[in-house]
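Based on the hints, put chain B in the right spot on chain A.
Those protein sequences? They're chains A and B, same order as listed.
Per our numbering, the very first residue in the first sequence carries number 1; after that it's consecutive.
Per our numbering, the very first residue in the second sequence carries number 1; after that it's consecutive.
The calculated lysine-lysine pairs, modelled on DSSO-like cross-linking and capped at a C-alpha distance of 30 Å, are: (1) B:29 to B:325; (2) A:93 to A:103; (3) A:93 to A:60; (4) A:119 to A:179; (5) A:93 to A:7; (6) B:12 to B:153; (7) B:130 to A:247; (8) B:144 to A:247; (9) B:130 to B:153; (10) B:82 to A:142; (11) A:93 to A:55; (12) B:127 to A:7; (13) A:247 to B:153; (14) B:29 to A:142; (15) B:29 to B:12; (16) B:144 to A:251; (17) A:3 to A:93; (18) B:82 to B:325; (19) B:127 to A:247; (20) B:130 to A:251; (21) B:153 to A:251; (22) A:103 to A:55; (23) A:142 to A:247; (24) B:144 to B:222; (25) A:142 to B:130; (26) B:12 to A:247; (27) A:247 to B:82; (28) B:130 to B:222; (29) B:130 to B:144; (30) A:251 to B:127; (31) A:251 to A:7; (32) B:127 to A:3.
Covered stretches of chain B, going by a simulated chain A footprint (3 or more residues, C-beta under 8 Å): (33) 112-119; (34) 128-138.
Hints in this document: simulated from the structure, not taken from any laboratory.
If you're wondering where the values come from, they're calculated on a predicted model, not measured in any experiment.
The beta carbon of each residue, even a glycine, is placed where N, CA and C say it ideally should be.
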Amino acid sequence: MGKYILKRVLQFIPVFLGVTLILFALQNIVPGDPITLIGGDKALPPETELQLRIKYNLVKVDENGNAVLDANGDAVPTNTWERYIGYMGNLLKGDLGTSYQRKIPVTEIFAQKYPYTVKLALCAIVLEAIMGIGAGIISAVKRYSFWDTLVTLTTSVLVAVPAFWLGMILQLVFGVIFKVMPISGAGGASSQFQDWMHYILPAITLASVSTAYTARIMRSQLLDVMSQDYIRTAKAKGLSNRAIIWKHALKNALIPVVTYIGVDFGAMLSGAILTETVFNWPGVGYEIYRAISGRDWPIVMGGVTLVVLVVMVVNLLVDVSYGFLDPRIRFDRSSKSN
Amino acid sequence: MAKKNSSHVDLKTLPVPEGQHLLEVDDLKMYFHTEDGIVHAVDGVSYTLDRGETLGVVGESGSGKSVTAMTIMGLIPMPPGKIEGGRVTYRGHDLLNMSEEEMQHVRGNDIAMIFQDPMTSLNPVYKVGKQVGEGLRLHRGYSKQEAHEAAVKLLDLVGIPEPERRANEYPHQFSGGMRQRVMIAMALACDPDILIADEPTTALDVTIQAQIIELMQEMQEKNGNAIVMITHDLGVVADMADKIMVMYAGHPVEFGTAEEIFYESRHPYTWGLIRSIPEQAIDEKKPLTPIHGNPPSLVNLPKGCAFAPRCPYAQERCMNERPEKHAHGDGHYAACHFADDDAFVAANAPDTSRSRGEVALGEPVKANRSTSEGGEA
Numbered sequence: 001m002g003k004y005i006l007k008r009v010l011q012f013i014p015v016f017l018g019v020t021l022i023l024f025a026l027q028n029i030v031p032g033d034p035i036t037l038i039g040g041d042k043a044l045p046p047e048t049e050l051q052l053r054i055k056y057n058l059v060k061v062d063e064n065g066n067a068v069l070d071a072n073g074d075a076v077p078t079n080t081w082e083r084y085i086g087y088m089g090n091l092l093k094g095d096l097g098t099s100y101q102r103k104i105p106v107t108e109i110f111a112q113k114y115p116y117t118v119k120l121a122l123c124a125i126v127l128e129a130i131m132g133i134g135a136g137i138i139s140a141v142k143r144y145s146f147w148d149t150l151v152t153l154t155t156s157v158l159v160a161v162p163a164f165w166l167g168m169i170l171q172l173v174f175g176v177i178f179k180v181m182p183i184s185g186a187g188g189a190s191s192q193f194q195d196w197m198h199y200i201l202p203a204i205t206l207a208s209v210s211t212a213y214t215a216r217i218m219r220s221q222l223l224d225v226m227s228q229d230y231i232r233t234a235k236a237k238g239l240s241n242r243a244i245i246w247k248h249a250l251k252n253a254l255i256p257v258v259t260y261i262g263v264d265f266g267a268m269l270s271g272a273i274l275t276e277t278v279f280n281w282p283g284v285g286y287e288i289y290r291a292i293s294g295r296d297w298p299i300v301m302g303g304v305t306l307v308v309l310v311v312m313v314v315n316l317l318v319d320v321s322y323g324f325l326d327p328r329i330r331f332d333r334s335s336k337s338n
Numbered sequence: 001m002a003k004k005n006s007s008h009v010d011l012k013t014l015p016v017p018e019g020q021h022l023l024e025v026d027d028l029k030m031y032f033h034t035e036d037g038i039v040h041a042v043d044g045v046s047y048t049l050d051r052g053e054t055l056g057v058v059g060e061s062g063s064g065k066s067v068t069a070m071t072i073m074g075l076i077p078m079p080p081g082k083i084e085g086g087r088v089t090y091r092g093h094d095l096l097n098m099s100e101e102e103m104q105h106v107r108g109n110d111i112a113m114i115f116q117d118p119m120t121s122l123n124p125v126y127k128v129g130k131q132v133g134e135g136l137r138l139h140r141g142y143s144k145q146e147a148h149e150a151a152v153k154l155l156d157l158v159g160i161p162e163p164e165r166r167a168n169e170y171p172h173q174f175s176g177g178m179r180q181r182v183m184i185a186m187a188l189a190c191d192p193d194i195l196i197a198d199e200p201t202t203a204l205d206v207t208i209q210a211q212i213i214e215l216m217q218e219m220q221e222k223n224g225n226a227i228v229m230i231t232h233d234l235g236v237v238a239d240m241a242d243k244i245m246v247m248y249a250g251h252p253v254e255f256g257t258a259e260e261i262f263y264e265s266r267h268p269y270t271w272g273l274i275r276s277i278p279e280q281a282i283d284e285k286k287p288l289t290p291i292h293g294n295p296p297s298l299v300n301l302p303k304g305c306a307f308a309p310r311c312p313y314a315q316e317r318c319m320n321e322r323p324e325k326h327a328h329g330d331g332h333y334a335a336c337h338f339a340d341d342d343a344f345v346a347a348n349a350p351d352t353s354r355s356r357g358e359v360a361l362g363e364p365v366k367a368n369r370s371t372s373e374g375g376e377a
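So that you can see chain A by itself, here it is in the shape it has in the complex (with noise of 0.2 Å):
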């Protein structure tokens, strides 16, 4: 197992270097000047510019501080090699750059947004897998019944439905009609109560799909299994229907399942842009989609690699899970027949 874990965290490396590297190159190609952004509307003053892109390392600069000019007398652009060079670097060293347009270093904003995602994914994690495999077995176990039918519609509901208009329409159900939710933000004021009241809408905006698909399936799954010779024989040993689903079916039905709920739980955690975006989220998804309006590449470049790392460990988490529910796939235990 350890050698497996070693493997596959040496596998980050290459990933890691792509997606990074895409990245630095994307920055270039991507209309758009990240500094005339800073000034808005109105242009900003030739000198502050060109402060501005000694300081975030855009033009060459002599050894006195001053930028290179060639002979037109404008400043010479820093290579994408040095810069992206110079960016892992510092990566290494544990520093993101700073914001161009807040001004602040980047892993202090990260440090400030990241648990609001996380928090909001485990909500809608737990939801997801609670309502997903509850249904899902409702389903199979009862299956053509009323009970059945029901959740196979409502399913295919929620998978058509686009998870920012499910987040509008229950804003405006409960935080406008009812007024019993509250519609925007994560809180922090009053009480812990209503601090945990923001994250019901969101968290069921956030989980619809995804729980959705875990009921399809968790169903097809129970009754793919439930049809397997290995159920036949625990029937014929004098199990009772109820001891074969719970002792026989399931563990082997939910592999693919918390297969499925191991990756989406990593999608969530690099930020729903969509349901942050709707509900005013201050998580990573809101931040990056405004970073990449404002053309804050600092913002960009450290959310993502932020977010690549998240899934990779997450994915390989998943990974080392599928050892203890399914035996046939234990790493570095040789499956030796005789």
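Chain B alone, transformed into the frame defined by chain A:
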């Protein structure tokens, strides 16, 4: 080791009522109601079985041999299945009218079953020892520890080397033959009265097949249980069965002792099966003779004899009239219009059959017969 449910009485501890057999199947009919029509999967099967006896049930795929066994075990989902008639009594108790809860006490405890494919019949996510001991925990209320110890002993009994270590391994770490041994250990865990084996050797290598059959016989000698051996290969039951039932299209076409089926058979389908035993082809002069064609659809059975379309001796009458069972001595019967016609039988039965007269005597097939006798308990 106290019983989990003390109010429940193990049926296998009760005596067989006077004048009855351990297991009696009487005119059992199991039909499946499907969109295409009614499938007559089992249509009038009868047999009796006593402790220590082995019944071979032989027939092609779809002849109803597995469905008969699954019906007795109550493993057929109903619907689509429906019992249309007949009785199954075990030690005088009607199995077909038992509640699901009562049947759960019978399954694995009084009557156990092993299946065709050992590769898929074990749960891949549980350790082998746990699966073997599960029945003991259920039926005898063993603790985890007791069940594990018993499982190790059972694995040792069925010839699995290093049972202590193997009990803690998963099914994928076992070969096919070893898994079938595990299945046998699992089935025999609660010391059942009857072991139903549904094609237990079909998925195994030929060399392993003999070992598994030997193991089942050995266990039978030790425990005295009855065996119902379901197979499509008459050769498999040749040296182990006391009685053989030949099934075709849901009907029993011939029933008798192993002796009678091999040497005095009177049904053309049985002859076809005998002629397709590979051992007969060792002598190159006797080629392997297949039965041509396929079994009929069980939805639209021919109105005459179900075997008639494939029978080389079929006549006008066979196409129109369903044959009755013709008895030949105690218990032996064949469902063929010409079963009573000695001249017909003598002319067409395979060389093994004594019905052919002196032709068969002194032939090398004699060797086959001695093994058959050896198998009788």
